[in-house]
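2 protein chains.
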Amino acid sequence: MMQVAERAGVSTATVARVLKAKGYVSDEARARVEAAVKAIGYRPNAMARGLRQRRSFTIGHMLDAIIVNPFFVNVAHWAEEEALEHGYKTFLFNHNGDGERERIGIERFIERRVDAVLFTNAIATENVRLLAAAGIPALQLERSKTPAAPAIRVDNRVGALEAMRHLVEQGHRRIAFVGGDPDLIGRGATAGPTVEEDRLEAYRSGLAAAGLSPDPALMRLGRYYSLEAGGTSSEGYRHAKSLLGLEKRPTAIFATCDILAAGALQAVYEAGLRVPDDISVIGFDDTIAANLTPQLTTVAQPMEDLGRIGFRAVLAAIESGEFPELPVLPSRLVLRRSTASIAR
Amino acid sequence: MMQVAERAGVSTATVARVLKAKGYVSDEARARVEAAVKAIGYRPNAMARGLRQRRSFTIGHMLDAIIVNPFFVNVAHWAEEEALEHGYKTFLFNHNGDGERERIGIERFIERRVDAVLFTNAIATENVRLLAAAGIPALQLERSKTPAAPAIRVDNRVGALEAMRHLVEQGHRRIAFVGGDPDLIGRGATAGPTVEEDRLEAYRSGLAAAGLSPDPALMRLGRYYSLEAGGTSSEGYRHAKSLLGLEKRPTAIFATCDILAAGALQAVYEAGLRVPDDISVIGFDDTIAANLTPQLTTVAQPMEDLGRIGFRAVLAAIESGEFPELPVLPSRLVLRRSTASIAR
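Chain order of the listed sequences is A and B.
The letter at position 50 of the first sequence is residue 50 when you use UniProt numbering, and the numbering goes up by one with no holes.
The letter at position 263 of the second sequence is residue 263 when you use UniProt numbering, and the numbering goes up by one with no holes.
Mixed in with the good hints, there may be bad ones.
[Unchecked claim] Derived DEER-like restraints, expressed as beta-carbon distance ranges:
(1) A/P147 to B/P147: 52 to 58 angstroms
(2) A/P330 to B/S226: 25 to 31 angstroms
(3) B/P147 to A/G135: 45 to 51 angstroms
(4) B/L212 to A/E247: 36 to 42 angstroms
(5) A/S226 to B/P147: 31 to 37 angstroms
(6) A/P214 to B/E81: 28 to 34 angstroms
[As the list claims (entries may be wrong)] Here's a subset of chain B near chain A, in silico, CB distances under 7 angstroms, partners left out:
(7) E6
(8) A13
(9) I67
(10) N74
(11) N96
(12) T190
(13) L221
(14) T232
(15) S233
(16) Q266
(17) A290
(18) T293
(19) P294
(20) F323
[Said to hold, decoys possible] Residues from chain A that keep clear of chain B, each with C-beta distances beyond 12 angstroms, as calculated:
(21) E197
(22) E228
(23) P294
(24) E325
Since the hints were derived computationally from the structure, they do not count as laboratory data.
The C-beta atom is built at its ideal place from N, Cα and C for all residues, glycine as well.
So that you can see chain A by itself, here it is in the shape it has in the complex (with noise of 0.2 angstroms):
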């Protein structure tokens, strides 16, 4: 607008005027300013309408990673699905576990003027309150890893204990959990118990509930994948394999993560063993289960919702200033080929 003004020898205000055909201009300046317009061939466009409208109808999606556990992008397709329906875009970004990358995509995000973020998952507190400073409301899904931002939660512990209670239903004993170790997997800034200990403690009430106790043999706690090591399946193999080499190994294997489970999968073919007619497995997350051999039983996260319900409260935030109630999303139980009765 500013080339128009210039061109014509006019005020950007008049120009304004002119083109929203709002406000008295005098013939000759429309004249002038629409001579100028053809010449420069401007043409009104969304970054412009943007600043004047103080709103880029874009929010920023901060992912830990876009590739290795498909659960990020299958959340960041939901958001953008639903930011489409209201003429959102959304820009992604992955800090790929890395505090200082997150905050270099937040400072993106704060520059390109997005009007609200999402985070699957956030970091660090600071990071996050950048956002506050500069006014962009921002909102985390799945997660709640800093107070400085509200969230929408997983109710881990609804689908865990399905798969438990599946799992006991079928006369499995020997359950083992192959799962993230709340000491390793950031807890964040946050109080009240993580993800990782609300899956650990619906282990625990699975087999409480049957008059079973824990079996620290049983027990594998680590990371779900190493993104160093290319993010594959190797961490589910190696604990999967030690299982089986127990003299009294387990007759299930509870790993809270799909890639996880896919790595007990492999551990249990190299063994000579078929799931489910020698051991059962349950995965968690619902990404890639319908993939693997066989099809795996798993506990389904509501990615959809997650992204979906995600959106829509950051655009009520955007639109009032104000964060509605935010639910606890559910998860559940699926079941495929990969559970069944215990043989013996």
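Please build the complex by placing chain B on the supplied structure of chain A, with the hints as guidance.
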């Protein structure tokens, strides 16, 4: 800047001269601009900078889908990494195979004034032409679907021939082909062999090199996966199940997508056979291959190079107005655990 100019009662050109500390401005005008900047809390932002420099430092990346086949998100990831290293951000958009949605995405890219657009993959020539009309360089990655933009293609033949040679060397003679049907998977508007034709031709050449002729009973063509059916391994499962039911079943299956291969592994498992003891399986892409059971030998696509070299090519086009010479990138065989020498 317009707001500052209005408040200070000067032209935007004067505001620009003050902010850039460039050109003559009277002391009085400078003081008024500085006061207005302070009063308004004006801060030049990325959008405004983009307008000034006529660059948004953003490129659009049109993908088939961010979920289902991780091929697309891998290429997107590496293009984004390269973009970040050059101070650029990428906007992802998924057309989900729908030409109308591709058009909407392209219009959105134009509105946001992206500096260039990558396609993995394009659909409709008339959509891609919208970019040329807007003066925005466009580049196709992996597939050339339209003459409206240049392409960085993958040499599918080199990896596929390696795969065939590997199977033949292991003694396989009854090698099935499960792959994309050239008649079903759009060739788009370009001449020359498509990805599907290249893979099929490499299969035939591989057989011919071993003195074998293709057996139509062992060739199954179709879609890689059905987006409507949730995009999982059901297509490969169906083909492999039918192949295993043949009186003289194949001793090896070359499936030209890891998701097809995942279905083949499921069918073999269900039939009570073992991979690679009873039957060898090779995939294509190297996306989910390392998470499958057993870990899949596959023809890897150069996803990192597609993304990185692709971004650098559009950057050259943005900066110089011309694309550099575009390479054809090789595919290559990655050996894992799903192939072995023939048992009999």
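Residue hint B/A13, partner chain A, criterion CB-CB below 7 angstroms: At 6 angstroms from the nearest chain A Cβ, B/A13 passes the 7 angstroms test, so the hint holds.
Status of the B/T232 interface restraint (C-beta, 7 angstroms, chain A): The hint holds - B/T232 has a Cβ within 7 angstroms of chain A, the shortest such distance being about 4 angstroms.
Residue hint B/S233, partner chain A, criterion CB-CB below 7 angstroms: OK, holds: B/S233 within 7 angstroms of chain A, min 5 angstroms.
Minimum beta-carbon distance criterion (7 angstroms), B/P294 to chain A: With a closest approach of 6 angstroms, the B/P294 hint holds.
Claimed clearance of chain B by A/E228, with the beta carbon kept past 12 angstroms: Nearest chain B Cβ is 15 angstroms from A/E228, so the label holds.
Given hint B/N74 near chain A, where the shortest CB pair must fall under 7 angstroms: holds, 6 angstroms
Assertion that A/E197 lies farther than 12 angstroms from chain B (Cβ): Answer for A/E197: holds, closest chain B Cβ roughly 26 angstroms.
Hint check for A/G135 and B/P147 - Cβ pair distance inside 45 to 51 angstroms: Because 47 angstroms falls inside the window, the suggested range holds.
Agreement of hint B/Q266 with chain A interface, Cβ distance less than 7 angstroms: holds, 5 angstroms
Cβ separation check - A/E325 to all of chain B, threshold 12 angstroms: The claim stands: A/E325 keeps its Cβ more than 12 angstroms from every Cβ of chain B (closest is about 29 angstroms).
Closest C-beta approach of B/N96 to chain A relative to 7 angstroms, hint status: violated, 10 angstroms
25 to 31 angstroms as the expected CB spacing between B/S226 and A/P330, which holds or is violated: holds, 28 angstroms
In the structure shown, a violation is registered for the earlier hints numbered 4, 5, 6, 11, 12, 13, 20 and 23, in ascending order.
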